[in-house]
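*Asks:* Each chain is listed here by its residues.
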Amino acid sequence: MKYSASSVWENKDRYGIAVIGAGHAGCEAALAAARLGVRTIMFTVSVDSIALMPCNPNIGGSSKGHLVKEVDALGGEMGKVIDRTFIQSKMLNKSKGPAVHSLRAQADKARYSTEMRKVLEQQENLDIKQAEVTEILVENGKVTGVKTFSGAIYHCDAVVLCTGTYLKSRCIYGEVSENCGPNGLKAANYLSDCLKELGVQMYRFKTGTPARIDRNSIDFTKMEEQFGDERVVPFSFTTNPEEVQIDQVSCWLTYTNERTHEIIRENLDRSPLFSGMIEGTGPRYCPSIEDKVVKFADKDRHQVFIEPEGLDTNEMYIGGMSSSLPEDVQYEMYRSVPGLEHAKIVRNAYAIEYDCIDARQLYATLEFKKISGLFSGGQFNGSSGYEEAAAQGLVAGINAARKVLGKEQIIIDRSQGYIGVLIDDLVTKESHEPYRMMTSRAEYRLLLRQDNADQRLTEIGYQVGLIDEERYQNLKKKERQIEEQVERLEHTNVGASRPVQEVLEQYGSTPLKNGITLAELIRRPELSYEALEAIDPGRTELSEEVVEQINIRIKYDGYIRRQMKQVEQFKKLETKRIPDAINYDEIGSLRIEAKQKLNQYRPISIGQASRISGVSPADISVLLVYMESYGSKREKDEQS
Amino acid sequence: MIKDTIAAIATAMTASGIGIIRISGEEAFVIIDRIYKGKKKEKKLSNEKSHTIHYGYIMDGEEAIDEVLVLLMRGPHSYTGEDTVEIDCHGGVYVMKRILETVIKYGARPAEPGEFTKRAFLNGRLDLSQAEAVIDVIQSKNEYALKSSVSQLKGSVLEKISEIRKEILYHTAFIETALDDPEHISIDGYGEKLQGTVEKLQGAIRRLLESADNGRIIKEGIQTVIVGKPNAGKSSLLNVLAGKERAIVTDIEGTTRDILEENIQINGICLNIIDTAGIRDTEDIVEKIGVDKAKDYAKDADLIIYVVDASRALDENDEQILEMIREKQALILLNKSDLDTVITKELLQKYTEKPMIEISAKQEHGIEKVEHALKEMFFEGKVSFNDEVYITNIRQKTALQNAYDSLEKVIGSIENNMPEDFYSIDLMDAYEALGSITGETIGEDLVNEIFSKFCMGK
Chain A
1 MKYSASSVWE NKDRYGIAVI GAGHAGCEAA LAAARLGVRT IMFTVSVDSI
51 ALMPCNPNIG GSSKGHLVKE VDALGGEMGK VIDRTFIQSK MLNKSKGPAV
101 HSLRAQADKA RYSTEMRKVL EQQENLDIKQ AEVTEILVEN GKVTGVKTFS
151 GAIYHCDAVV LCTGTYLKSR CIYGEVSENC GPNGLKAANY LSDCLKELGV
201 QMYRFKTGTP ARIDRNSIDF TKMEEQFGDE RVVPFSFTTN PEEVQIDQVS
251 CWLTYTNERT HEIIRENLDR SPLFSGMIEG TGPRYCPSIE DKVVKFADKD
301 RHQVFIEPEG LDTNEMYIGG MSSSLPEDVQ YEMYRSVPGL EHAKIVRNAY
351 AIEYDCIDAR QLYATLEFKK ISGLFSGGQF NGSSGYEEAA AQGLVAGINA
401 ARKVLGKEQI IIDRSQGYIG VLIDDLVTKE SHEPYRMMTS RAEYRLLLRQ
451 DNADQRLTEI GYQVGLIDEE RYQNLKKKER QIEEQVERLE HTNVGASRPV
501 QEVLEQYGST PLKNGITLAE LIRRPELSYE ALEAIDPGRT ELSEEVVEQI
551 NIRIKYDGYI RRQMKQVEQF KKLETKRIPD AINYDEIGSL RIEAKQKLNQ
601 YRPISIGQAS RISGVSPADI SVLLVYMESY GSKREKDEQS
Chain B
1 MIKDTIAAIA TAMTASGIGI IRISGEEAFV IIDRIYKGKK KEKKLSNEKS
51 HTIHYGYIMD GEEAIDEVLV LLMRGPHSYT GEDTVEIDCH GGVYVMKRIL
101 ETVIKYGARP AEPGEFTKRA FLNGRLDLSQ AEAVIDVIQS KNEYALKSSV
151 SQLKGSVLEK ISEIRKEILY HTAFIETALD DPEHISIDGY GEKLQGTVEK
201 LQGAIRRLLE SADNGRIIKE GIQTVIVGKP NAGKSSLLNV LAGKERAIVT
251 DIEGTTRDIL EENIQINGIC LNIIDTAGIR DTEDIVEKIG VDKAKDYAKD
301 ADLIIYVVDA SRALDENDEQ ILEMIREKQA LILLNKSDLD TVITKELLQK
351 YTEKPMIEIS AKQEHGIEKV EHALKEMFFE GKVSFNDEVY ITNIRQKTAL
401 QNAYDSLEKV IGSIENNMPE DFYSIDLMDA YEALGSITGE TIGEDLVNEI
451 FSKFCMGK
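Note that the protein sequences, when read in sequence, are chains A and B. By full-length UniProt numbering, the letter at position 508 of the first sequence is numbered 508, and the numbering carries on one by one without gaps. By full-length UniProt numbering, the letter at position 288 of the second sequence is numbered 288, and the numbering carries on one by one without gaps.
Read the hints as simulated data drawn from the structure, not as lab findings. One thing to keep in mind: the hints can contain errors.
Calculated lysine-lysine pairs in the DSS-like style (CA-CA distance at most 30 angstroms, straight line) [unchecked claim]:
(1) A:429 <-> B:369
(2) B:345 <-> B:369
(3) A:429 <-> B:453
(4) B:369 <-> A:94
(5) A:565 <-> B:397
(6) B:3 <-> A:597
(7) B:453 <-> A:94
(8) A:299 <-> B:200
(9) A:576 <-> B:3
(10) B:39 <-> B:49
(11) A:572 <-> A:369
(12) B:166 <-> A:295
(13) A:295 <-> B:369
Isolated chain B (complex conformation):
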């Protein structure tokens, strides 16, 4: 099997407790040597015995990222059967992420979904009876990763990546056409022209990488969905939480027809809040799409905030929502406490045991209580991120970096006066790396581009 070294966060992405980053593969010890610093300067973990624990720091160059315990396990006596290193760090999303990124920077590759389990199985560390279960883990994790990798990408990022890919493909196709048909098309001196283009593309990728660090590429955080009947005050709530006019708020039912999203920080917890169209049976097609989407989002959410219009009686729409949140982590907000209310906590408690808070989004009453409740749910571990989102993000950053490095090699080839056919190899590597972000493979892209853009002879 392929024995390259993989890494991932092995614990849930919550704020509490300890975080574990696991590294597995031939180079696990080499990598930990590069980033570990013990109390005694010269301590090298690769010289240490298997199944021992070591105290020290994870370093990115000169910068200490966290104080950690490192557990060493040499293959075959490890979960995967390969050399394995586990880094126990302080819990906390930021620290875990930084450590994983450092591990990757120093030679590991982000694990594919379910890859640790797969390796464990292929290396004979799991019983055969577990095969079906292993297969299920791989397939379900993959489905999630696939869904999240594309759906979590912001539209503008997708567009940018597509643009870069398009340009890479065009230039590669031109080179390849000339190589295939040298008597029709000449590429002598093409390198100079290409260098400018490649540098421009590198710039674009660098900007994407920078924005990835600021969390602007992927929508990170607890996927929080606000649901409720039309005009219950969902958009008002989002505006208050986000602190600005984001959603359009009117008195007309069904104003939010699409889905609005906002990434906000509450007490250091990152929430990706999605405001949905109000849930009701509707004939309006546009609105209906919004409603269906809302239901979909709610299904995948880490947390649901259910806004109840306390001034109106419960109806079958509320019943639907209560059914929807039964199996989910949810917080119920009784909105419009400033008006005459007909729904009370006591009344609702007959239907559900979820926590409830009375608020007035309009008057901004009770918002602090909401923030406090969210924080508690997080620190008690009731809500957590789906770690696949984070891993996906890191995979995507790695892919961007790989694409950048491949383009760097193209520049190297140009500067070393290598013949043009050497350019296309690295150009296509970059193309492939970027495609892995948007979920596209190479397939026949190059051949198709050659034929559609350039006139071949014969």
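Looking at chain A on its own, in the form it has when it is part of the complex:
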């Protein structure tokens, strides 16, 4: 390391938690920890880059919108900040089922950062420090503090690593390779080595971003305008819907063409991806444009979304065309796209490589199995995306604080939220690329909707201490109303009377022959709670949100019930905890592969064990039987 022994200096402020990194994971972790009453210090290589959005200028989207809502329901910050700084908003998949409705907002990047920074600065118990952390101090398998580049030591009881893409990061396009973080920011070059010395296994992942182009150089007449929704829905359950009905800006849609693809193909040999200069594993879900052209050679065009980076900047994000081709090829390639003929590139597209970990070294609490008090969240854990990062940061922050406070750790399971699916996948399954959330990864997705995130998670946020009494009581009231109304509608009959038939006729619904409950009518695709107003005199004034819940609960009742049954089965295995002291080598009948995997991952529950590849259902049966005899044996020992 660069400092001499004499420069080592011990900071006398006593911190409970040090959060390393101030991206989307770091911000949530630091806020949660401080709010739970633990003195927290947040390190960043640049205070100016707090809550930076180095890639796409939006938050949310399919399944990611769910994550933001869940973060909010637990008492996190992301939803509130984007509600104050968005410039366009859209509910995706509105014509599909409620489980896949996904909110996505275009952000004003600069304002998002500033707003988040304000929140952090105003937070009690939280200090911000610009410094590169170079070492995690560990004694007897327990975290005792961190050391910075200058040699300063900060003592603390827990550390949350949220280093994102900054560890030994390298930005590449064409033959140009620079050892820096995103946007030319300073990389963190020492921490990786320290982690390796502590026995942490590292991967090298890769991702990329498209060019930013000067708005004044774009001809929008050749593109399709993309508007936001007329009625905007906020992310945060605490935001008053009236406050988000703002003037929105547009995005634009254009397409690549044969000429674009030709340029790319001709220059493939100059792409670091294909020349072997990039060694990291890239994500399949956001391929570079050169990847798309090679892999889907039969497609004659690809969509390109032109999105503003904010209100106070001319830069436009070129969605769909991330690349690491050389600068000259980038110009040629972008300029072949209709509307971009005279494009001026403000920032080049680039690929970025960075160190991250195999997250199977973590418990689902996001604490390292082998180092007590060391937690991690975000892209460092092998995920991608602002929302995935925020979700993990929040959980890591909560658990780090609870650890310091001597409280039990919390785990959100796969039936409770996308956060649970995300973390469980990360800590259980092998992954060779940055992990992105998808609705298809959630097996109980009919239950894990963005509209009911509060009903699923706010209780936990309240128990933990991030949700205040008032918000909690509001939720309870909402839940009561939903229950009462569903109950009432299921038991209110209407006959084949004139007014009823008239309403049915108005909505093109088959007239009644016999009596029927109001709920049965709501189940018809063409009808809804709102449609039945004229024939339902028993109703009271209800909020939009409550009406939405009533409709969903009644319309999809059968499907929801089925999934709840599956969840019941799931919970049985999930709550079967495996004792820490279990010795898998002692269980004769476990297959060797299962023994190895179980020893390696040390799952905390039978449920988690069953999701490890290489552990068969028979192994799980064996484990159950073994645990039963193990538990009883211990009881006996204790009695005697």
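Given chain A's structure and the hints, the job is docking chain B onto it.
*Replies:* Positioned in the frame of chain A, the structure of chain B alone reads:
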């Protein structure tokens, strides 16, 4: 623990004696009420006392399957500690199978290997000292089931199932891609197109189910392996027993290099006969594989038929075979009785006590004696099926039926104008059910399919 209701055949699958089908779980009494008919019409077994026996019939709708005795045991006073019903029926493979299938049709699930024992243990009905033994039972039964479930499947069936799965996965991935990236891909109106595909897939599954009833899915029966030195007449014997030219018969040693199988009925007993390559030390690689396979098959066989070429002297190859059959049920056939023989019964009896018959496969002499001997061994209970094969078959049929039902739900969703995201849930259920037949899990299949087949945006 999971308390759904399981069922299995609790006795050996032989032709003799009584067969017992055991049902255990919360719904055991509900299920027996659905299929039991007493002498008095209105008799409901769920109203009867525990530990009583009742005479009556097992009904599949209007059809009476068998005359039975039903034993009722309420939990916790039963083997598993759960509500348990035992159906004592007439022995016989067919009847036992039919009853088990009926029990499953009316709400039970085929038990996993070793599951009754596992439940008994988890419900505290077995002593702790038995834990190791229980674990061994579960693991060994599972190993067998796993081996049999895939190896017993006929290649064409495996292929068909893989095809269906592939198609399901493709369509699910398409829907999911569109949901994930709605601005790039539209699936409006996809339901109509999908309905045709799903109906086609249902047809394919129905045909598999039908062939399962005819025993064409799984190779049922007594696993019988014919062994012997090269050119001892094994293939000729198979041809005679099967009544047609199945195996290639020549005078050249080592003609049967692979393994031939034939499912035949002798006096109502179902034998799955496997003709193997002749056993001898060989340098020929292809033949060697055949020989090794033959030894493997013989190890797992329920019955071995050892064909001795009586016209040639015994050598070390015969010694090997005699060693191999020592611990097995076996029948020795002294073939080529039509030629000058050098090996006699008396000679062989010095080495083994297994039953022997002189035959000439070529002249079809002594074949009746062989058939008679097989029948006796079966009815004396000397040879029996491994019941796991049957259970496996029923598990697989249940899985096919589940897959079919899941696809039916997809059709229901399409017809009810449900949004597309509802389709994929049932499509993946069908995919999973079919995978349980071929021993494949879902894992990351869907995500991989999405990325490999469809171009995602961003």
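*Asks:* Any hints this thing doesn't respect? Which numbers, in order?
*Replies:* Of the numbered hints, 1, 4 and 13 do not hold.
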